[in-house]
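J.: What follows is each chain in one-letter form.
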Amino acid sequence: MQINLKVFGQLTDIININELNIQSGNDTDSLRKELNTLFPGLAGRNFLMAVDQRTTTGNTILNEGSTVALMPPFSGG
Amino acid sequence: MQINLKVFGQLTDIININELNIQSGNDTDSLRKELNTLFPGLAGRNFLMAVDQRTTTGNTILNEGSTVALMPPFSGG
Amino acid sequence: MSEKKPKNVFVNGAITSAFIGDSISKHSTQLKIGAHSIFLGQVRSDVIGGKTVTAIEYTTYNEMALEKMHEIRESIFSKYALTCMHIYHSLGRVAAGEISLFVFTSAPHRKAAIDACAEVVELIKAQLPVWGKEVFADESYQWKSNNL
Amino acid sequence: MSEKKPKNVFVNGAITSAFIGDSISKHSTQLKIGAHSIFLGQVRSDVIGGKTVTAIEYTTYNEMALEKMHEIRESIFSKYALTCMHIYHSLGRVAAGEISLFVFTSAPHRKAAIDACAEVVELIKAQLPVWGKEVFADESYQWKSNNL
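From first to last, the protein sequence lines are chains A, B, C and D. Numbering of the first sequence is given in my numbering, commencing with residue 1 and proceeding in unit increments. Numbering of the second sequence is given in my numbering, commencing with residue 78 and proceeding in unit increments. Numbering of the third sequence is given in my numbering, commencing with residue 155 and proceeding in unit increments. Numbering of the fourth sequence is given in my numbering, commencing with residue 303 and proceeding in unit increments.
With the rest of the complex left out, here is chain A:
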């Protein structure tokens, strides 16, 4: 299925675009694997995934059109 991927912070140095639509498996674990294949620079990078603006803690189901954000550690303030 297709999901909307948003990329933030230092991860934009690896995925050179802020937002893209990509094909994904049906949960965040499979998405993570696919992203590691597409963007080898992600290996070893520390980031959280938010699905439809909710931070995920474990593997999370994705739906057609879900928005998934890749969020490295925050550094506001």
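None of these hints come from the bench; they were simulated from the model. There are no misleading hints in this set.
When the alpha-carbon atoms are kept at most 30 angstroms apart in a straight line, the in silico DSS-like pairs for lysine-lysine are as follows:
1) D:Lys328 to C:Lys287
2) C:Lys265 to D:Lys413
3) D:Lys309 to C:Lys265
4) D:Lys309 to D:Lys334
Not everything, but these chain C residues come out facing chain A in the computed CB check (under 7 angstroms):
5) Lys279
6) Pro283
7) Trp285
8) Trp297
Ideal placement from N, C-alpha and C gives every residue a C-beta, glycine not left out.
Please build the complex by placing chains B, C and D on the supplied structure of chain A, with the hints as guidance.
T.: Chains B, C and D only, in chain A's frame:
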């Protein structure tokens, strides 16, 4: 001996002057007794004495010309 | 969760001292306020590997950040007896010496204002999806990391 | 004890928001500062026995207060990694809604600025020989008491 007395805060409602020269015994305990006689309204009032700008904790020796401040609880800020 | 639309907290570029002064003056009609606590984050000109930071460029995940800020606001108001709270965070480029974060809490008594302000600053640093890029004089950069 | 002459901290009447804004802006050239913490005390219009406080009139034991403020300043600088600290306290009449205390600490990192500011406020309330007289609309008054 003569000392310089300074009066602050709510104690100025009892001793109606901010600063006066008065005769005193040679320590703060005797001065306190004399003040209680001169100004009966001081009875039961909570205040510290500072001698030459140092807050006293126990009975403190006075010298001719010492400055003694009567300081009720602070309420700045 | 409240249905109220999250309030915007983001401003473009630096937060000016005139804006901060104005924000303070607006509280002079709030006669139950006895204490204000203010935190300001200022961009530091750190020297890193021989290069000097000249600015930080901030980006955010806007929708999620506003939702998170709304949650922080609700938790702080439920925990502390505040009269009001105002929060502003810069986006885009803020030069060294300029202010990028303004947290302003007001309360009848000082303890609530002081504790709430300090807690909000920690929550913003830890939980708000904002990223800072430290830009050097030669336009190279490194990504900021927060001490939590 | 340092030989340095104690710095004046007292101002006549209210501290204006323009003055606070100016104080903040003066720090924009201090490029090692990353955090400012500010406390403002505002005169509250309390209702006491049916009467409303319209102002506080502050008096001090000036020489002793400046000496005490100097001690507070030295103890805070020896305890916290501050870049600078500014303190202003009103004397005379300050109307409800106006500001009578302004404590402003700045440091490279937030913890020092925040903790130092909070501690200075407590020390001022507990140790500075200043007295506030709460004046009601009919010019009767009662003496303020601090919650320590």
